[in-house]
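Asks: In case you want the letters, here they are:
Protein chains: 4
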Amino acid sequence: MHKVPVGVLGASGYAGRELCGLIAQHPGLRLAFASANDQRGQRARIGATEVTYVATEDAPLSKAEVVFTALPHGAAATWVGNARATGARVVDLSSDFRPGVHASANDTQAPYGLTELMRDSIPGAGIVANPGCYPTAVLIAIAPLLTEGWIAPGATINVTAASGVTGAGYSVRPDLLFAEVAEDFRAYSVGNEHRHLAEMRAVAAQLGGQDNDILFTPHLLPVARGILATITVPVKEYVDDPLTLWRDCYKGEPFIEIADQPPSLRDVVRRNVVRLSVAKAANVRQPTLIIISAIDNLMKGAAGQALQNANVLLGLSEQAGLPA
Amino acid sequence: MHKVPVGVLGASGYAGRELCGLIAQHPGLRLAFASANDQRGQRARIGATEVTYVATEDAPLSKAEVVFTALPHGAAATWVGNARATGARVVDLSSDFRPGVHASANDTQAPYGLTELMRDSIPGAGIVANPGCYPTAVLIAIAPLLTEGWIAPGATINVTAASGVTGAGYSVRPDLLFAEVAEDFRAYSVGNEHRHLAEMRAVAAQLGGQDNDILFTPHLLPVARGILATITVPVKEYVDDPLTLWRDCYKGEPFIEIADQPPSLRDVVRRNVVRLSVAKAANVRQPTLIIISAIDNLMKGAAGQALQNANVLLGLSEQAGLPA
Amino acid sequence: MHKVPVGVLGASGYAGRELCGLIAQHPGLRLAFASANDQRGQRARIGATEVTYVATEDAPLSKAEVVFTALPHGAAATWVGNARATGARVVDLSSDFRPGVHASANDTQAPYGLTELMRDSIPGAGIVANPGCYPTAVLIAIAPLLTEGWIAPGATINVTAASGVTGAGYSVRPDLLFAEVAEDFRAYSVGNEHRHLAEMRAVAAQLGGQDNDILFTPHLLPVARGILATITVPVKEYVDDPLTLWRDCYKGEPFIEIADQPPSLRDVVRRNVVRLSVAKAANVRQPTLIIISAIDNLMKGAAGQALQNANVLLGLSEQAGLPA
Amino acid sequence: MHKVPVGVLGASGYAGRELCGLIAQHPGLRLAFASANDQRGQRARIGATEVTYVATEDAPLSKAEVVFTALPHGAAATWVGNARATGARVVDLSSDFRPGVHASANDTQAPYGLTELMRDSIPGAGIVANPGCYPTAVLIAIAPLLTEGWIAPGATINVTAASGVTGAGYSVRPDLLFAEVAEDFRAYSVGNEHRHLAEMRAVAAQLGGQDNDILFTPHLLPVARGILATITVPVKEYVDDPLTLWRDCYKGEPFIEIADQPPSLRDVVRRNVVRLSVAKAANVRQPTLIIISAIDNLMKGAAGQALQNANVLLGLSEQAGLPA
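In the order they appear, the protein sequences are chains A, B, C and D. So for the first sequence, numbering that gives the first Met the number 0 puts the first residue at 0; every next one is plus one. So for the second sequence, numbering that gives the first Met the number 0 puts the first residue at 0; every next one is plus one. So for the third sequence, numbering that gives the first Met the number 0 puts the first residue at 0; every next one is plus one. So for the fourth sequence, numbering that gives the first Met the number 0 puts the first residue at 0; every next one is plus one.
To be clear, the hints were calculated from the coordinates, so they are not data collected in a lab. Note that the coordinates shown come from a computational prediction; the quantities given were computed from them, not determined experimentally. Take these hints with a grain of salt, some might be off.
[Claimed, not checked] As a list, the in silico DSSO-like pairs of lysine-lysine whose alpha-carbon atoms are at most 27 Å apart:
1) B:Lys2 x A:Lys235
2) A:Lys2 x A:Lys62
3) D:Lys235 x C:Lys235
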């Protein structure tokens, strides 16, 4: 079978390595190059495969039909342009082209790759803006409420989320050392100012949530991977079985799981899924739904969803090469 | 120096062992007995000390001036009564005498031992109802808002909290095995029905929060000890420096720390403190404060606060034997 | 493609669940039944698949061409017999038929399924005795030394090994609770009396090591899965590049990795491989090789090797369905 | 009570911070200064105390009666000299003055501060060379065998040891990130070339082990603190109760615990003790003792022992300020 050549720029970080590992297992793709400036010329084993890194400037961009850019925020846009100039299509894992972030001066259009919600806009795109990890967990969870108009007018959507350390990328920072993270738990970006907030707000507004604010407090977990978001949403009224809304909305979606019991990280780790549960809050006057949404930040929150988008771009089966 | 004899019923659980370890270091107390039905006759090392367990029914209750009951909820009330019958005063670590839990048929009065808020009611008490771990973290955090009337009328106080596994007690349950907890994170009692909710609601109402509901979602962390509560409270308006409210309210309190930066578990583990920060939420129309409150569930959330209450009961220095 | 029906007895333990997950991904096998007495009638999700457990006595043994028995040691032998009576071939993950363990009164012959060393004896077998996890890591590491006669006469082979908690099986024991294992490390079966010792001694003797004792001290690691064995072997003399011995001996073996650098658990977890390194000890008068051998105790140490053996039994590709 | 002023150079690393925390609790010492070049001018909270760091060059050395140098190996010697020049006595936590390491060109004499074995040489010393963490765990364990001549002539003492990550110091290295250490276990310095080997060899030779080599393989554990050493020693013959040797040798020592059961890390963490067990190996022709020795690498392995040595230097109670 012919395999489509793809390349990864920024392949030594956690998301980039995950992507290389997935590509190696993919039945329809092959890795044309993997770049990593800090490890140029070195070989690295990723699961059962091995890659040899080239410098980003030496990457043979023209040899790839799809280029994945897993470069730092801000540094990605240039390389996205370089790859586009060779005719390659790009799935960008940085925030550079995402809604709420993309500078207005940059008039490049890039659909937002939250695949289940934006699937139709992807096949013809030159660039897909792959969503952030927290926004993926949150937006998939609240989209049905937004589009169906269930949320109480003017209500604030409260998101408390916790991520494993790979969510911070492969950053050699003292606060990410084992002895500083183990047996600890901490909030960060407290005050509703995390950079993912703008992305969530922009997409939520597109989906009908202009009237509702989002209050987002992320936390750092002593685990390697996984995000759990606990989302409380004041609603107009309770219905008998609120889960029906999500079941209908995501019917037939292979990567969305609507669960009777609250999901935990181990339900989703190493899988390209969003798994979520919904409960009605007792003992409160304001009807409020409690959604628990879990993803693997490196899979559905990064590399997995990027591959899902590439599958759509290339007209392959959307599930190809992805562990459900 | 004369040391006051005290006893511990239920001394093989996590809280009971912590209490025995603290008593061993306390300059004014000595351990007269430690009971544990499942380990009767056995010796156990607790930190630098050793205890020999007796069966609870064999505990020489009359030899203790203060008896700590760290027995399961429901089982404690009887032994509290037995200890009282010998003239001992009791600090009960179970929920049996706590507000919102204590059956109305039982007319025994027991002040609630949230020491900083209820200090005056303790010295003359026969029984002190030692607070639950989550309620300690939450009520110390929100009490100033309640008593000062800052909270928006009718607003819901949203509490998302996470606890280390010792919060579940020394329970040999499959879901608490290492291989099930490590690398995982999960919510439980989702739906606002955790048994600590009634305790928080009852005390919050006493402090002026009759008009405000509490929405509480606890989580299980892959750490041994510590609770972090992330509390969002809609307020009437923003003031310049909201921390001033807590600084004034808890002025001179040795076990309450008001921090400029959000506390993390490692700031509080093995210490008898509540450490908290307060931030104003940006990017929301409804002014909202975000409080992060951290405690060690076995210290300020159980054994430490129990000893603090015993110090008050006995007229000792409130800080005696407690690691600040 | 026709898929061969297989069954798993004891499918709710860690090894049994791993096996069901592997079978679900296997291109040539399908799961005919999965038994678990304690969860009979329940559905369980295992990775991306789901199984419904039956009671072991209700398992339709005759519908499987291969039955995997992942039952407790001692309990397996009876069910191995029952499965054989229906004509099924059996891969037994218990120790009941292993060398050094198998009671002489029981004259049933079962080749030892350390596939790379005993491959020829498997195809015609009715029962394969799947090796223990520690013996797999150790015997693959020392076999070349034994068969080539490199070990110093009369020398003791010193094995210090450490295993993740799933090595103890799905045992609801207090010493395996998260709060007891996290941040801890401990030796067990100290004194050279672990039940895997007899298995290692018996096979090592078959391979030529009658003259050499094994001193084995296992430890419990605060990780979920993985075994690392540190093996020191006094040798007759040093050769220039000792790794050549292992490279020659395991040439072409897809599941044996000879590494330049000492392997760590993360090199092997979720993979069906033994990865090992060999170093010459400096600063000692007695020439001694230091072998570091790493496996995933649930994969090459249990379920993966069982599937590898089933592949051989059935004449399928030995690598089918196995993550290298 | 008069408190003796002491200073800490290199007080922002793990050992230096531990030391500051211990000094704050010590009844007879007070912290005159704490230096940390990378955090000069900053305040840091250490447990219940706070320190303000000065640059090492600004440390008022003359104000301290004892200076603890917790500086990097190689950098310590100069500052030890500077401190001595002011008349202060020094406990050096680096390896610069330890046996087997100390360059012969440097003729400064410094007794080795393995307190229980070398106590008499300390009171008059200007400099005490505080032992390394691994050597402390190992030498305390094997000293009785060496001094009593129990070891088989020419036999190799085999040490496999594992340490928590703080043993590597506060090093911001990629291999010490949480995501790289959690769920992993690995050997390092494989080949008997760890820098602690020379220290162990030199002291063991002084104690009578000139005829016995040491084979030492350290490992990195996914825990914050603690060392467990598994030591096998071929002996001339078995005696009935080998533990008697250690019980006699360490009689009355408050910081040495001879245990019936193998110690685990949680027995010793946050305590200034060596806890060890001894077992006779079964199933081997060569009589061999298996010693398990556990310490907290930051306490008895660094800061605690340094304080113990300072107590001896100053004529204070050796146990003052130390958690047994």
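Asks: Each hint needs a verdict: does it hold in this structure or not?
Replies: Right, here's what the structure says about each hint:
no. : hint                : result
1   : B:Lys2 x A:Lys235   : violated (61 Å)
2   : A:Lys2 x A:Lys62    : holds (13 Å)
3   : D:Lys235 x C:Lys235 : holds (23 Å)
The earlier numbered hint that this structure contradicts is number 1, and it is the only one.
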